[in-house]
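A.B. asks: Residues per chain are reported as follows:
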Amino acid sequence: MIEAQGLTKRYGNKLAVDQLSFQVRPGTVTGFLGPNGAGKSTTMRMILGLDSPTAGNVLVNGRPYEYLSAPLREVGALLDAKAMHGGRSAYNHLLCLAQSNGIPRRRVDDVLNMVGITAVAKKRTKGFSLGMGQRLGIASALLGDPGILMFDEPVNGLDPEGILWIRNLMKALAAEGRTVFVSSHLMSEMEVTADHLIVIGQGRLIADTSMRDFIERNSQAYTVVRSPQADQLTKLVTAKGGTVTPEGDSGALRVTGPEPAAIGDMAAEHGIRLHELSPRFASLEEVYMRLTQGAVEYRAGLPGGPGAPGAPQGWGQPQPGWGQPQGAPGWGQQQPQGWAPPPGPGGQPFPPQAPPAPAQQAPTHGSEA
Amino acid sequence: MATPTPQPQQPNQPPNQPPQPVPAGVHQGAAANGHAYAAPPNAAPGANGQPGGAPQWQPNGQAPHGAGAVPAQGLYQQAPTGSLHFTRMLQSEWTKIRTVRSTMWSLLVMVVLIVGLAALLGATVSDNDGSGNPDPSVSLALIGVMIAQIAAATLGVLTISAEYTTGMIRSTLTAYPRRITVLAAKSVVFGTLMFVVGLVACYLAYLVCDAVVASDVAGSSSGKEVVKGVVGSATYLALIGLFALGVGTMLRHSAGAITTVLGIMLVPSIFGGFIPGKFGDWVVDYSPMMLLIKMIAPADDADLGGGLGPWPGMILMACYAAAALVGAATLIKSRDV
Chain A
1 MIEAQGLTKR
11 YGNKLAVDQL
21 SFQVRPGTVT
31 GFLGPNGAGK
41 STTMRMILGL
51 DSPTAGNVLV
61 NGRPYEYLSA
71 PLREVGALLD
81 AKAMHGGRSA
91 YNHLLCLAQS
101 NGIPRRRVDD
111 VLNMVGITAV
121 AKKRTKGFSL
131 GMGQRLGIAS
141 ALLGDPGILM
151 FDEPVNGLDP
161 EGILWIRNLM
171 KALAAEGRTV
181 FVSSHLMSEM
191 EVTADHLIVI
201 GQGRLIADTS
211 MRDFIERNSQ
221 AYTVVRSPQA
231 DQLTKLVTAK
241 GGTVTPEGDS
251 GALRVTGPEP
261 AAIGDMAAEH
271 GIRLHELSPR
281 FASLEEVYMR
291 LTQGAVEYRA
301 GLPGGPGAPG
311 APQGWGQPQP
321 GWGQPQGAPG
331 WGQQQPQGWA
341 PPPGPGGQPF
351 PPQAPPAPAQ
361 QAPTHGSEA
Chain B
1 MATPTPQPQQ
11 PNQPPNQPPQ
21 PVPAGVHQGA
31 AANGHAYAAP
41 PNAAPGANGQ
51 PGGAPQWQPN
61 GQAPHGAGAV
71 PAQGLYQQAP
81 TGSLHFTRML
91 QSEWTKIRTV
101 RSTMWSLLVM
111 VVLIVGLAAL
121 LGATVSDNDG
131 SGNPDPSVSL
141 ALIGVMIAQI
151 AAATLGVLTI
161 SAEYTTGMIR
171 STLTAYPRRI
181 TVLAAKSVVF
191 GTLMFVVGLV
201 ACYLAYLVCD
211 AVVASDVAGS
221 SSGKEVVKGV
231 VGSATYLALI
241 GLFALGVGTM
251 LRHSAGAITT
261 VLGIMLVPSI
271 FGGFIPGKFG
281 DWVVDYSPMM
291 LLIKMIAPAD
301 DADLGGGLGP
311 WPGMILMACY
321 AAAALVGAAT
331 LIKSRDV
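For the protein sequence lines, the chains are A and B, in the order given.
Counting along the first sequence from 1, when you hit position 32 you're at 32 in full-length UniProt numbering, and nothing is skipped either side.
Counting along the second sequence from 1, when you hit position 251 you're at 251 in full-length UniProt numbering, and nothing is skipped either side.
None of these hints come from the bench; they were simulated from the model.
Only a predicted model underlies this, so the values are computations on that prediction, with no experimental measurement involved.
Don't be surprised by glycine CBs; every beta carbon is placed ideally from N, CA and C.
Mixed in with the good hints there might be a few duds.
To be clear about the criterion: a stretch of chain B counts as covered by chain A if any three or more of its residues have a C-beta under 8 Å from a C-beta of chain A, and this derived list gives those stretches [said to hold, decoys possible]:
1) 85–93
2) 97–104
3) 175–183
With the rest of the complex left out, here is chain A (with noise of 0.2 Å):
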């Protein structure tokens, strides 16, 4: 269990972490996202002690992380993976970690043997590449059989091969009843990872909810139509209630409000043609930068929103239903209707939820931050 409460780091005149309260649970992977330099990193070296907050504490198992008395076995964590001597081969980089927690030396060859570096265990870390760096840390963060275990961003340069290992690893963790913190700039990531999601955006708690709620709140369906008789369409749907607008540059349209077969049956009876009938919906990956732009510009007043570059296509559309529009102050501090407002303390754990189905991308959003 990771405690947070008003944790803020101020460097200078600039808030990296502000205010965020929080609470990660056993037994469920928690994603920790939001985009680079939203402060993720800088929570998690708090929560580790490297960094001392500004104002407010972090607990670890209901302690500040300095007074755990073998941390090791207690919080595992992979910062980066490059945070060891060159020098120093793998198997005594973990040895000399191992031998101030009191961890015994069977424990390094079992934890080198668990991630599979064991064929270079008696190399110098510098010949190592980033994925091999990774496992390292990873071996390292494992070290103690700690309840929790925290990784920052440790997919980033990993091979699908490496990716899909760490995925599994991070679920068996959390399955074994341990608690998995993982911060991620990728909605994607944290996707087909995540049980439970903090989301935070220029150092804010922007959303704190379970990834099924976190999916079924935003994963907003749309139709997208496509008709040799779009305007007529679109004064019947827009008759009807529904909303229209123009999907990418293809002529197609962008249906939100009835169902596609509402859509399909209005048509027949108007004897209007279609050429595409197609429910979709909408990325969580939008979702979340959207969320996180909002946070963007509420804090640092920046230009950009519709049209910015790197948005993706139609990202600036009104999208009714969606919650308040992009750029509205208080997207940090009004609770986002629906959302769980962050849990109190003694809360219960949660059960280990199902997998999130992978939600499905619509084409036009396939762009990542």
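Dock chain B against chain A, hints included.
C.D. replies: Just chain B now, kept in the frame of chain A:
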């Protein structure tokens, strides 16, 4: 963050109890600890079949990460108990020092410099100072220490600065967050290592030099002179190393810290003489180099009139090292890593 006053160890948390490995997949101890382990969902095992079988290994027989074991707010059950874990840290720091080639190379260079220069000087120096009263051989033998101290200082800096430049310090302090204990363990291990290696090297140097030197160049050394020279030099090497370790901790960058330490070691003894008046004498007399020279030089050397005697000089040297380490402790405690 407010620091609660240290409390005695809670009886339910024996800190040094060996961990109890439990076979993979067995959730032993979970029930006893009140862990609300849920049935594993269909999480697939790792790609190589290993991670899913991570052994459920409950350290200390209790790890309060289960939902049922969340302590009440503000209840810090375990206060820092440094002494119990200090031996672990000594072990860990010893492993760190001996497993990096560059430190072993630096040590070797130091030994070779001390012994090699002793042999070289013993074999080649043919002039005495014409006084008809040759210096004891141990004084000639230990001249190499004046050069070898550079290796000691470099090693002292690298012992800590390499942790900062490589990022290892984050692993170190995550594994053991009581930073002053980490610094203390490093100092004890490094200081002891320097003293022991210095002692061996200096004694070897004396034996070698004494064996090869011509009798008109250096006379025999009394036991007292040998002890002063050898033990004093070894003490100096340990102290200059610790001084460098302190400076390295404060500055955190290898090159900057090495330059600073070498400057402090060499500049006052070289340029102090150019400062007019008493202040110049003072700078020279209390510089680390002069404190070392007093240990090496014959007791009756007329050129070294002012300042402290050899052993009081070592006490001053210890104060220099202590000051650097106090500064280091203050900064390592307060700074973000």
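A.B. asks: All hints are to be evaluated individually against the structure, with a verdict given for each.
C.D. replies: Against the structure, the hints come out as follows:
1. 85–93: holds (count 6)
2. 97–104: The restraint on the region 97–104 of chain B holds, since 4 of its residues have a Cβ under 8 Å from chain A and three suffice.
3. 175–183: holds (count 4)
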